[in-house]
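*Asks:* Spelled out, the chains give:
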Amino acid sequence: MAVPIDDYLRTQFMPHIWCPGCGHGIILGAVLRAIGRLDLPKDEVCIVSGIGCASRAPGYLDFNTVHTTHGRALAFATGIKIARPDLHVIVLTGDGDAAAIGGNHLIHAARRNVGLTTVMFNNSIYGMTNGQYSPMTPRGRYASTAPYGNVERNFDMCELVRAAGGNYVARATTAHARQLSNYVENAIQTPGFAFVEAVTQCPTYFGRRNKMGTPVDMIEWFRKNSINAAAAAKLDPADLDGKIIIGEFYRGDAPEYTEVYDEVIERAKEAAAR
Amino acid sequence: MPGHNGRDLRLLQGNECCAEAAILAGCRFFAGYPITPSTEIAELLSEKLPQVGGKFIQMEDEIASMAAVIGASLTGAKSMTATSGPGFSLKQENIGFASFTEVPCVIVNVQRTGPSTGLPTAPAQADLMQARWGTHGDHPIVALYPSTVPEVFDLTIKAFNIAERLRVPVILLMDEVVGHMREKVAIPHQSEIEIVSRPQPDVPPEEYLPYAAGPDGVPPMAPFGTGYRWHVTGLYHDETGFPTTAAPKVDRLMKRLYSKIESAADEITFTSDEFLDDADTVVVACGITARSARRSVRLAREKGIRAGMVQLKTIWPFPYDLVGDIAGRVDRIIVPEMNMGQLIGEVERAAKGRCEVVGYSRVDGEPIAPAEIVAKIEEV
Chain G
52 MAVPIDDYLR
62 TQFMPHIWCP
72 GCGHGIILGA
82 VLRAIGRLDL
92 PKDEVCIVSG
102 IGCASRAPGY
112 LDFNTVHTTH
122 GRALAFATGI
132 KIARPDLHVI
142 VLTGDGDAAA
152 IGGNHLIHAA
162 RRNVGLTTVM
172 FNNSIYGMTN
182 GQYSPMTPRG
192 RYASTAPYGN
202 VERNFDMCEL
212 VRAAGGNYVA
222 RATTAHARQL
232 SNYVENAIQT
242 PGFAFVEAVT
252 QCPTYFGRRN
262 KMGTPVDMIE
272 WFRKNSINAA
282 AAAKLDPADL
292 DGKIIIGEFY
302 RGDAPEYTEV
312 YDEVIERAKE
322 AAAR
Chain A
42 MPGHNGRDLR
52 LLQGNECCAE
62 AAILAGCRFF
72 AGYPITPSTE
82 IAELLSEKLP
92 QVGGKFIQME
102 DEIASMAAVI
112 GASLTGAKSM
122 TATSGPGFSL
132 KQENIGFASF
142 TEVPCVIVNV
152 QRTGPSTGLP
162 TAPAQADLMQ
172 ARWGTHGDHP
182 IVALYPSTVP
192 EVFDLTIKAF
202 NIAERLRVPV
212 ILLMDEVVGH
222 MREKVAIPHQ
232 SEIEIVSRPQ
242 PDVPPEEYLP
252 YAAGPDGVPP
262 MAPFGTGYRW
272 HVTGLYHDET
282 GFPTTAAPKV
292 DRLMKRLYSK
302 IESAADEITF
312 TSDEFLDDAD
322 TVVVACGITA
332 RSARRSVRLA
342 REKGIRAGMV
352 QLKTIWPFPY
362 DLVGDIAGRV
372 DRIIVPEMNM
382 GQLIGEVERA
392 AKGRCEVVGY
402 SRVDGEPIAP
412 AEIVAKIEEV
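Chain order of the listed sequences is G and A.
Using my numbering, you'd call the opening residue of the first sequence number 52 and step up by one each time.
Using my numbering, you'd call the opening residue of the second sequence number 42 and step up by one each time.
Heads up, a few of these hints could be off.
[Unchecked claim] Once the Cα atoms are required to be at most 25 angstroms apart in a straight line, the calculated SDA-like pairs of lysine to any residue come out as:
1. A:K89 / G:R61
2. A:K290 / G:I316
3. G:K93 / A:Y249
4. G:K320 / A:D49
5. G:K320 / A:L52
6. A:K290 / G:D304
7. A:K89 / G:Q63
8. G:K320 / A:P242
9. A:K290 / G:V315
10. G:K320 / A:F311
11. G:K93 / A:T267
12. G:K320 / A:F283
13. G:K93 / A:E88
14. G:K320 / A:Y249
15. G:K93 / A:F283
16. A:K290 / G:K320
17. G:K320 / A:R370
18. A:K89 / G:V315
19. G:K93 / G:H67
20. G:K93 / A:L52
Think of the hints as simulated: they come from the structure by calculation, not from any bench.
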């Protein structure tokens, strides 16, 4: 179903800041189409971001929007959601924002199972500051602070969120825009914490440093190197090296934080009345 | 127990009193992280807030608790956090965000002896400058400083009212000994307490400019989720709330942020004084040290010394005019403080050489006794 998304955009603030060929627009389109299919009233949607390329998205979106401090989007969003549980609070964040400086907030938002939808734009690089390696830069890849190849391993944020207690975990790439949008839709509908990793291309920094070719070449690379979770499960882990595993990894039904807190309020009021 | 004039007379610890006052001021959201010597505030609010339909959350760290407070305030909830030195340091970036985006909130810092982990259970007054300049860049801030448990009640209410009225983070600085001492407090009935809430837009959403201020420099603030969809950013922004790099707009925003506090200085400056009329020596102090100062000038008067004192309950914005006027009338000002000399710098700025300014520092984790200030008065 084609969903018009223009109504969700603050087109007066365009052109946007993203580079030509950046994948962030594909992810944003996927998010907006998910919101459109769910027909969420704009006044009931709150978009929260941190700092970085991905985190500039809220400025272009006609919802209640907050562009916060680096890494802290989930903590701000937790305050918003707890104070107004009826709002659909969606966090748009990057891999530096969510996996490095904001990693602890991600763990605890998932553990609390606060009803937030988090979409992590993973371009494997710090784009805003011109291409330093991030926790999602694979070992051996080049970055402006990894001129001899990255020493560190990247980590699997989907496994992290799953282990920390989130209720929904999925991954797709910009080569899988429809799938990605469906995952975001499912994430928004999930009570409790939901996490979608969106693997995206940064042709300007990651692509150029690593000789990945054009933006289209990078998307094609994602398509060829992605493997569905079900198919991946049948393979030897050694054969998955360098592959991007995509799919819905987990759907849980643990109670959502604000609903549990409502019960606390009931108990507290009873205690006060005694 | 019911007291005179229908007031509820209670024996309360400073920290407990702060929590009780916060509820009466309309606080409905608290996010914090355990830290000595402020933790009782969080403990009591975890019990009291849900009783009135409010929300309490213990976040994963101090940074997150400051962020959650700002997030909750964006929805219209009067919000606060409480911490001490190390936590106050961690909160600073987000305090700057709240200041710059004009999100009302109250931050309690029950000061302990620093730096670093310092003496967690001992008092000090060494966060005065951090309260003013802890976050990077120019920014407006308001800081109030009680010296007694009844003042904790009064200034906690005022902290919320000022935060809401001026859309500014308000810091309530307490001394560890004020946070933990117990004193009699007459809690007024809710109807006797003046409550101020943030200004609301009087235009429909399509005409709302979230950072267009009226003559008082304070823009109306629509809660999230009420039809006014606006953008909040820590980037320089214009009246629309959206980022700008235009030099005139950047300049205008910073100057408005300062002027909104300066133009409200009279209504947010609280002081208390004793024996000022004929004093030739005046003690300027805040917090627990002001109590010793009060006692010290009474003792000095008994000895025939014309000493007076001023307690600064508002330290930021600093009352330069008030202290400057005193400097023009007296021979000397004595500034006792439990740090290596922070308040004295502002007193000197205010005095502009019109009188002698003498400091007295105590930094061993013990409060300054009245006799120490008397000795200083007699010495000069």
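*Asks:* Hints first: check each against the structure and report whether it holds.
*Replies:* So, going through the hints one by one against the coordinates:
Distance restraint check for A:K89 and G:R61: the Cα-Cα separation of roughly 42 angstroms exceeds the 25 angstroms cut-off, and the hinted pair is therefore not satisfied. At roughly 45 angstroms between alpha-carbon atoms, A:K290 and G:I316 are farther apart than 25 angstroms, so this suggested pair is violated. As the CA atoms of G:K93 and A:Y249 are separated by approximately 16 angstroms, the hinted pair is consistent with the 25 angstroms bound. Under the criterion of a C-alpha separation no larger than 25 angstroms, the hint pairing G:K320 with A:D49 is consistent with the structure, at around 21 angstroms.
For the proposed pair G:K320 and A:L52, the alpha carbon gap of about 24 angstroms is at most 25 angstroms, so the pair holds. Distance hint between A:K290 and G:D304 is unfulfilled; the C-alpha atoms sit about 49 angstroms from each other, more than 25 angstroms. Straight-line distance between C-alpha atoms of A:K89 and G:Q63 comes to about 46 angstroms, which puts the hinted pair past the 25 angstroms bound. Restraint check for G:K320 and A:P242: not satisfied, since their Cα atoms lie roughly 33 angstroms apart, outside the 25 angstroms limit.
For the hint pairing A:K290 with G:V315, the CA-to-CA distance comes to about 46 angstroms; that exceeds 25 angstroms, so the pair is violated. For the suggested pair G:K320 and A:F311, the alpha carbons sit about 36 angstroms apart, so the restraint of at most 25 angstroms is broken. With a CA separation close to 10 angstroms, the supplied pair G:K93 and A:T267 stays within the 25 angstroms bound. Between G:K320 and A:F283 the CA atoms are separated by roughly 42 angstroms; this puts the pair beyond 25 angstroms, and the hint is violated.
Under the criterion of a C-alpha separation no larger than 25 angstroms, the hint pairing G:K93 with A:E88 is inconsistent with the structure, at around 35 angstroms. Distance restraint check for G:K320 and A:Y249: the Cα-Cα separation of roughly 38 angstroms exceeds the 25 angstroms cut-off, and the hinted pair is therefore not satisfied. For the suggested pair G:K93 and A:F283, the alpha carbons sit about 18 angstroms apart, so the restraint of at most 25 angstroms is met. Taken as a hint, the A:K290 and G:K320 pair is broken in the structure, with Cα atoms around 49 angstroms apart against an allowance of 25 angstroms.
Annotation: proposed proximity of G:K320 to A:R370 is violated, straight-line Cα distance about 57 angstroms (limit 25 angstroms). Between A:K89 and G:V315 the CA atoms are separated by roughly 11 angstroms; this keeps the pair inside 25 angstroms, and the hint holds. The suggested pairing of G:K93 with G:H67 holds, with an alpha-carbon distance near 21 angstroms, which does not exceed 25 angstroms. For the suggested pair G:K93 and A:L52, the alpha carbons sit about 49 angstroms apart, so the restraint of at most 25 angstroms is broken.
In summary, the structure is inconsistent with hints 1, 2, 6, 7, 8, 9, 10, 12, 13, 14, 16, 17, 20 from the numbered list given earlier, while agreeing with the others.
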